[in-house]
Amino acid sequence: MNSSRCAACKHLRRRCPSDCIFSPYFPSNNPRRFAYVHKIYGASNVGKILQDLPANCRAEAADSLYYEAYCRIKDPVYGCVGMITILHQEIYNVQCQLARVQAEIAALSSNQSESEEPQQQYQQVEVAPNFILQPEQNGLLNSTSFYDLSTLFD
Amino acid sequence: MKSQEPRSSSSCAACKFLKRRCTPNCQFAPYFRSDEPKKFAKVHKVFGASNVSKILNGVPEQQREDTVNSLVYEAEVRLHDPVYGCIGAIASLQQKMVELQHDLILARARLACYVDQQYSSSIYDDQYVNMDPLSGIQEGNNGLVDNFNHNSLDFDQFSQFPFP
Chain A
1 MNSSRCAACK HLRRRCPSDC IFSPYFPSNN PRRFAYVHKI YGASNVGKIL QDLPANCRAE
61 AADSLYYEAY CRIKDPVYGC VGMITILHQE IYNVQCQLAR VQAEIAALSS NQSESEEPQQ
121 QYQQVEVAPN FILQPEQNGL LNSTSFYDLS TLFD
Chain B
155 MKSQEPRSSS SCAACKFLKR RCTPNCQFAP YFRSDEPKKF AKVHKVFGAS NVSKILNGVP
215 EQQREDTVNS LVYEAEVRLH DPVYGCIGAI ASLQQKMVEL QHDLILARAR LACYVDQQYS
275 SSIYDDQYVN MDPLSGIQEG NNGLVDNFNH NSLDFDQFSQ FPFP
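Chains as they are written, first to last, in our numbering: chain A, 1 to 154; chain B, 155 to 318.
In case anyone wonders, no lab produced these hints; they're calculated from the structure.
It is possible that part of the hints are untrue.
When the alpha-carbon atoms are kept at most 30 Å apart in a straight line, the in silico DSSO-like pairs for lysine-lysine are as follows [as the list claims (entries may be wrong)]:
1) A:K10 / B:K199
2) A:K74 / B:K196
3) A:K10 / B:K192
4) A:K10 / B:K170
5) A:K39 / B:K170
6) B:K196 / B:K208
7) B:K192 / A:K48
If you want the ones that stay clear, here's a sample from chain A, every Cβ over 10 Å from chain B, calculated [what the hints assert, rightly or not]:
8) S4
9) C16
10) C20
11) G42
12) G79
Computed footprint of chain B on chain A; a stretch qualifies when at least three of its residues, placed anywhere within it, have a C-beta under 8 Å from a C-beta of chain B [said to hold, decoys possible]:
13) 43-57
14) 67-78
15) 84-93
16) 102-110
From a predicted model like this one, the values you see are computed outputs, not experimental measurements.
Every residue gets a Cβ at the ideal spot worked out from N, C-alpha and C, and that includes glycine.
So that you can see chain B by itself, here it is in the shape it has in the complex (with noise of 0.2 Å):
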C-alpha cells in the first residue's frame, strides 16, 4: 500500500530539495511547486527549511501564501545584499522618499508663482475673462497627466513584487 504511492513525481520543491518523500499533507508543498526549485532553494538558504515550517505554523493557513512570499523576497534581497538586506531595501526607499518630497514641496511653490503671476496680469488686462483668484488656478491642462513615469527602483530586478 506504502509502496504503491507515487514518489518523486509528486514532490513539491521543497521535499525534492530536501531529498525526501513529500507526503499528502506536505506542509511546503502548496507554496513550492515542483516547477519552482530555486524559490524554495533561496528561503533555504536564509532561514532554513526548519525555522520556515515553524514560521508557517504560526500563521493561520489563509495567510501561509503571503507569508511564503514575503520569505521569498526577503530571502532574494539577501541573498543580493548579504550586508543589509532589506534594511537597505527600507534606507533606500526612505531616501528617495525625501528627495520626492522636497520635490514636490519646490514644485509646489513654484507653482504659486505661476499663479500669482497670471493673477497680477489678469487684473490688468481686459482682453481676458475677468476672473476670480480661484479660476486661474483652475485653468490649464485639458486632462489627467499620464506623462510621468512609475518608479522603477533598483529592486524590480527581484522577482515580481509580491504585494501589488
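The following block holds chain A by itself, in its conformation from the complex (with noise of 0.2 Å):
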C-alpha cells in the first residue's frame, strides 16, 4: 500500500486514494516536484486548480505550476515575473533596433528615387550618429534571454 502512494499523500502522510487528484502528476519518484508546488501554492491550491481542469490539461497545469513554483523558491521577491520584465525590455530594444533600420531603409527609399530624377537638386540630410550602420551587427542581439525552461531544473 504504502509504495503505491504519489508523492504529494506520502508529503501530506495521507493513504493515496485510486482517484488521486494528484497521483498521475506527482510521481512518487520525485519527491521535490510536490514540495516545491506545496511550499508555495499549497497542497489544497493545487487540488482545486487541477480539479477546475479539464483531464487533458492537468498534466500541463502541473508542469506550469511546478515551474512557477521553483522560479519562486529560487527568486522569492519576483519568481518568474523577473524574466517576463527582462522578456519585455528586451522586445522593447530590438523593436526600437527594428524601427531604426527600417528608417534608414525608407530614407534610403526615397534618396534613390529622387536620384532617378536629374533636374532635382540633391539633399544632403544630417542624420543622428545612431543611424550610421553598423555591417558587423547583422547578427542576433548579443545578450538572447531564451529561457528553455527545462535548463532551470536539476
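Using the hints, put the two standalone chains together into the complex.
Structure below.
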C-alpha cells in the first residue's frame, strides 16, 4: 500500500486513494516536484486548480505550477515575473533597433527615387549618429534571453 | 482598552477578506489597502494567505512591495490562464522575440542592399557630391523615428505591469 502512494500523499502523510487528483502528475519518484508546489501554492490550492481543469489539461497545468514554484523559490521577490520583465525590455530594444533600420531603409529608398529625377537638387541631410550602419551587427542580439525552461531544473 | 481600539474601519483588505481584526502590525496592511479588495482576493485564491505570509517573511522588508506586486501579477495571469499561467506568457514573449529578431535580420539585409546600390550609383554619377562609402550610409532621415508602436501584448489587459 505504502509503495503505491504518490509524492503528494507521501508528503502529506495520508493514504493515496485510487482517484487521487495528484498521483498522475506528482509521481513518487520525484518528491521535490510536489514539495516545491506545496511550498508556494499549498496542496489545497493545487488540488482546486487541477480539479477545475479538464483532465487533458492537468498535466500541463501541473508542469507550469512546478516551473513557477521553482522560479519563486529561487527568486522569492520576483519569481518568474522577473523573466517576463526582462523579456519585455529586450523586445522593446529589438523593436527600437528595427524601427531605426526601417527608417534608414525609408530614407535611402526616397533618396534613390529622387536620384532617378536628374533635375532635382541633391539634398544632404544630417542624421543622428545612431543611424550609422554598423555592418558587424547583422547577427542576433548579443544578449538573447531565451528561457529554456527545461534547463531550470536539476 | 482593547475594546476601545477601532475595528473594521481600519482593516486592510486582507483582514477584511479573512474576517479578522486588523492589528497595528498587520503584515498585509502596507500592501493590501482596504480600497483594493480584489488584489488580495486574487492572491489568496492562487497562493493562500498563509503562503503569502511565509513568502513575505522570507524577503527583506524593503523588497516586500515588489514581492507583493509580482505575486499579484502572477495570480492574475494564473487566474486568466489556469493551465499555463506565467509560463504561457514567457513562451509567448519568447516567440515574439524570435519573430522580431528575424525581422531585424531581414531589415538589416535589405538596408545593406540599399547601401550597396547607393554606393554603386554614386561612383558613376558626377552630379552628386563624391562620398566615401560610409557617408552614404550616414545620410537619410532627418530625425529619430517615432513611428513605431510600442509593443502591445495581450498582457496589457492585466493590471499595470508591476515593474517599469
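Comparing the hints with the structure gives:
no.	hint	result
1	A:K10 / B:K199	holds, 25 Å
2	A:K74 / B:K196	holds, 22 Å
3	A:K10 / B:K192	violated, 35 Å
4	A:K10 / B:K170	violated, 35 Å
5	A:K39 / B:K170	holds, 25 Å
6	B:K196 / B:K208	holds, 17 Å
7	B:K192 / A:K48	holds, 19 Å
8	S4	holds, 28 Å
9	C16	holds, 23 Å
10	C20	holds, 20 Å
11	G42	violated, 5 Å
12	G79	violated, 6 Å
13	43-57	holds (count 6)
14	67-78	holds (count 6)
15	84-93	holds (count 7)
16	102-110	holds (count 8)
Of the numbered hints stated above, those contradicted by the structure are hints 3, 4, 11 and 12, listed in ascending order.
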